[in-house]
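Residue-level listing of the chains:
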Amino acid sequence: EDQVTQSPEALRLQEGESSSLNCSYTVSGLRGLFWYRQDPGKGPEFLFTLYSAGEEKEKERLKATLTKKESFLHITAPKPEDSATYLCADINSGYALNFGKGTSLLVTP
Amino acid sequence: DAGITQSPRHKVTETGTPVTLRCHQTENHRYMYWYRQDPGHGLRLIHYSYGVKDTDKGEVSDGYSVSRSKTEDFLLTLESATSSQTSVYFCAIFSGGNTGELFFGEGSRLTVL
Chain A
1041 EDQVTQSPEA LRLQEGESSS LNCSYTVSGL RGLFWYRQDP GKGPEFLFTL
1091 YSAGEEKEKE RLKATLTKKE SFLHITAPKP EDSATYLCAD INSGYALNFG
1141 KGTSLLVTP
Chain B
79 DAGITQSPRH KVTETGTPVT LRCHQTENHR YMYWYRQDPG HGLRLIHYSY
129 GVKDTDKGEV SDGYSVSRSK TEDFLLTLES ATSSQTSVYF CAIFSGGNTG
179 ELFFGEGSRL TVL
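Protein sequences appear in the order of chains A and B. Using our numbering, read the first sequence as starting at 1041 and increasing by one per residue. Using our numbering, read the second sequence as starting at 79 and increasing by one per residue.
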């Protein structure tokens, strides 16, 4: 059974304190690994899609990387506005998207 | 912003009544999904569609049915709503392929009393 596991469940950082969020997946025949940001009361906002091991993508203070069994979301010098829940999901050969439970990030000034 | 809208955005209903949520897209994307999001469970897939009249079940499909008679519309129906179906429902669209991006709507909050 396809499982997506995110860690940690919650993370508190000081502004400027860099860290990484982890997403491990078990699906075989990965068609894509997605990262989203979700603010309270809103729908998930698309950040990145990664398709093959070794791939990296960047957007402002965020960088996503992918290996054969996990993905990392690196946050460099975070700001309070980066506080949100970060979700990852894999997509299998049938194009069903399976989500982890998310990491709740709080960045304090 | 991706052209995806959900309706209604908020609904309160009573146990045993039928409810239909609508997802409408203007992107002509092939794949459409319905998720529910609950505290402690994250986003769970209810049903998804890979084309007109082509649908498949997700992990929490019991008590839900879907229909897709046009590319742009994906309907989620609760035939007889129960309190356990109180949730926030999200629709998503995906173009497929190795460069596609998957976008979500703003959600529909359903309360079943």
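Derived from the structure by calculation, the hints contain no laboratory data. Ideal placement from N, C-alpha and C gives every residue a C-beta, glycine not left out. Be a bit skeptical, because a hint or two may be false.
In silico negatives: residues of chain B with every beta carbon more than 12 Å from chain A [claimed, not checked]: (1) Ile82; (2) Gln84; (3) Pro86; (4) Thr104; (5) His119; (6) His125; (7) Ser127.
Below are the BS3-like pairs computed for lysine-lysine, each with C-alpha atoms no more than 25 Å apart in a straight line [stated by the list, open to error]: (8) Lys1082/A / Lys1109/A; (9) Lys135/B / Lys1141/A; (10) Lys131/B / Lys1082/A; (11) Lys1141/A / Lys1097/A; (12) Lys1108/A / Lys1119/A; (13) Lys1108/A / Lys1082/A.
Take a look, some chain A residues computed to stay more than 12 Å from chain B by CB distance [said to hold, decoys possible]: (14) Asp1042; (15) Gln1046; (16) Leu1051; (17) Glu1057; (18) Ser1058; (19) Ser1059; (20) Thr1066; (21) Ser1068; (22) Gly1072; (23) Lys1082; (24) Pro1084; (25) Glu1085; (26) Lys1141; (27) Leu1146.
For each hint, the structure was consulted:
no.: 1; hint: Ile82; verdict: violated (9 Å)
no.: 2; hint: Gln84; verdict: violated (9 Å)
no.: 3; hint: Pro86; verdict: holds (15 Å)
no.: 4; hint: Thr104; verdict: holds (16 Å)
no.: 5; hint: His119; verdict: violated (7 Å)
no.: 6; hint: His125; verdict: violated (10 Å)
no.: 7; hint: Ser127; verdict: violated (10 Å)
no.: 8; hint: Lys1082/A / Lys1109/A; verdict: violated (29 Å)
no.: 9; hint: Lys135/B / Lys1141/A; verdict: holds (20 Å)
no.: 10; hint: Lys131/B / Lys1082/A; verdict: violated (29 Å)
no.: 11; hint: Lys1141/A / Lys1097/A; verdict: holds (22 Å)
no.: 12; hint: Lys1108/A / Lys1119/A; verdict: violated (30 Å)
no.: 13; hint: Lys1108/A / Lys1082/A; verdict: violated (31 Å)
no.: 14; hint: Asp1042; verdict: violated (10 Å)
no.: 15; hint: Gln1046; verdict: violated (9 Å)
no.: 16; hint: Leu1051; verdict: holds (16 Å)
no.: 17; hint: Glu1057; verdict: holds (26 Å)
no.: 18; hint: Ser1058; verdict: holds (25 Å)
no.: 19; hint: Ser1059; verdict: holds (21 Å)
no.: 20; hint: Thr1066; verdict: holds (14 Å)
no.: 21; hint: Ser1068; verdict: holds (17 Å)
no.: 22; hint: Gly1072; verdict: violated (7 Å)
no.: 23; hint: Lys1082; verdict: violated (7 Å)
no.: 24; hint: Pro1084; verdict: violated (5 Å)
no.: 25; hint: Glu1085; verdict: violated (8 Å)
no.: 26; hint: Lys1141; verdict: violated (4 Å)
no.: 27; hint: Leu1146; verdict: holds (17 Å)
The earlier numbered hints that this structure contradicts are 1, 2, 5, 6, 7, 8, 10, 12, 13, 14, 15, 22, 23, 24, 25, 26.
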